[in-house]
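Make a model of the complete structure from these sequences and hints.
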Amino acid sequence: MVESNPKTLETNRLTEPTPNPPVRPKRRSSNPSWIKTALINIGWWILSIGLFLGIWEVMTLLGWVNTLILPPPHQFLGEIANQDQFLMPQIGVERTGANFVALTAIVATLKRVLTGLLLGFIAALIFGCLAAYFKIFGKLTLPVITLLAPIAPVAWIPLAILAFGIGDRAAIFVVFIGIFFILTLGTINSINKVDQVYINTARVLGATRSQVMRHIIIPAIIPDLFVILRMNLFGAWMAVLAAEMVGVNTGLGAIVMVGRQMFNAKLMFLGMAIIGVVGYLLDVAFAQIQKRVLWWKSNAQI
Amino acid sequence: MGELVCQQVGKVWGIDTAEQVSTLEDISFSVQSGEFVVIIGPSGCGKSTLLSMLAGLESPTSGMLLHNGQPITGPNPDRSLIFQQPSLLPWLSLIDNVAFGLTLKGMSKKERYRRAENFLSQVGLRSFAKKYPHQLSGGMQQRACIARALCLGADIILMDEPFAALDVQTRYNMQKFLLDIWEGSGKTVVFVTHHIDEAVYLADRVIILSARPGRILDSVPINMPRPRDVISPEFEQHRTMFVEYLRSEVTKAFAEQELAEMLDTRIK
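Going line by line, the protein sequences match chains A and B.
Position one of the first sequence corresponds to residue 1 (the numbering used here), numbered consecutively onward.
Position one of the second sequence corresponds to residue 1001 (the numbering used here), numbered consecutively onward.
Hints were generated in silico from the structure; no laboratory data involved.
Be careful, since some hints might not be right.
One-sided excerpt, in silico: chain A residues whose CB lies under 8 Å from chain B [unchecked claim]:
{"no.": "1", "residue": "THR60"}
{"no.": "2", "residue": "ASN66"}
{"no.": "3", "residue": "LEU205"}
{"no.": "4", "residue": "PRO219"}
Note that the Cβ used here is the ideal one computed from N, Cα and C, for glycine as well.
See below:
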């Protein structure tokens, strides 16, 4: 209609509004004040960790602790140079060159966690959408999922090892199962919460039911799912380490376990330190992904 | 073209339950192609429900709705509904929002952007094409919603208190803007509001609904040339008439307060 008489409407053009034209918020301002804030933050980090390690070292020097059980940081961190021990069959990581043997344990563990999370995320999204789209399917499966969700991922380890043997697949299964049920419930819950006005908007513009699902529901629930995923990240991380300790004899969990078996506390602590740092970095990485993928949400909502 | 007919339309909520409520009863009117009709009534009178039914989002429990002689059975891109609350999709840029209806039709990106840009310039938002809804003001968002409706070539625009959430100044500008867009376009507009001044300022014809259950009290043509002078005696006459209608209608607890709100536009 308007297409046919663009002239008439063109004369009615509004002038571009001038008041406070919104600017896409920059992720970081060039203002030096954030550099200052960041430096202060880093300072506190260094101070906090330095104090912790310092007190530990001092206590060792004073002879207050048994270094066989509680080796000081400089000793167990130094263990990383002793690469040969990571080649023991129990840890089973690959020889990759002079100094990166420990690294392959990290890669093995990360690969399991990320594969499990990715598969769990996709499966839960598909399953949740199907349950919301086909009401009967939802009603049939929801009670079972609700009952399975509270089973801790760790509790699935024995089954995983029985079913998949020792190896990647058992560990991936544990992560998958730990995230799948909870994320499926989250998906269904989020779908029910999607603002009706968005759905009506799409319907008025002629969307079919499946188009509403694809263009409205899925984009609208992704932020919620990311939040749930991130909240369950540590659960998945712990589950995979536990699996590596009890059955899947490779990866970071295995390093700690071998340390115990050999009565090598230094190796144990080195494994724990790596687990802590890598786990933290994983969470930081997820927070960044969340910000980038969901930049259209304000920070407060994330 | 965009002609609408309501024949003895009634709507009962919660039908077949203990708490069924009749919201609309025996609504009959017709809207000619190119006409600007405003429906006004006290809150809860079912005016939004009526609009939802015209859009095809709800179906009436009795009576019939016709669009160009065809019964309305569901939503149709030829009748676009603009909501009171912001309804741009927050994950799409402005141009993608305006072109959303075309995306649903499966039109190529190049073609739908070309069209959307045209309508964005009509609503004065061309330079904001790459922005996202949360970066725009409420008035800009509603303008984009209008562009989205026009972009699909809807010949009937249904508006459900589209400016109610805006501040008084923006609201006034938006009313002028809407008339600019509508005049000479041949579009049919059905506009729901509870503001008397807005009704008198915009309408070719005002349909007044009673308190729940909503019935048509009167249908008043407003034969004033546009742009209308809101302090003219004629405008005042119409305003007084509508106030009287609604005063006698609104008898519940907050009656006076609500009446005050209905008048609270640019004059008071």
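Structure-based check of each hint:
{"no.": "1", "hint": "THR60", "in the structure": "violated (54 Å)"}
{"no.": "2", "hint": "ASN66", "in the structure": "violated (57 Å)"}
{"no.": "3", "hint": "LEU205", "in the structure": "holds (4 Å)"}
{"no.": "4", "hint": "PRO219", "in the structure": "holds (5 Å)"}
Hint violations for this structure: numbers 1 and 2, all remaining hints satisfied.
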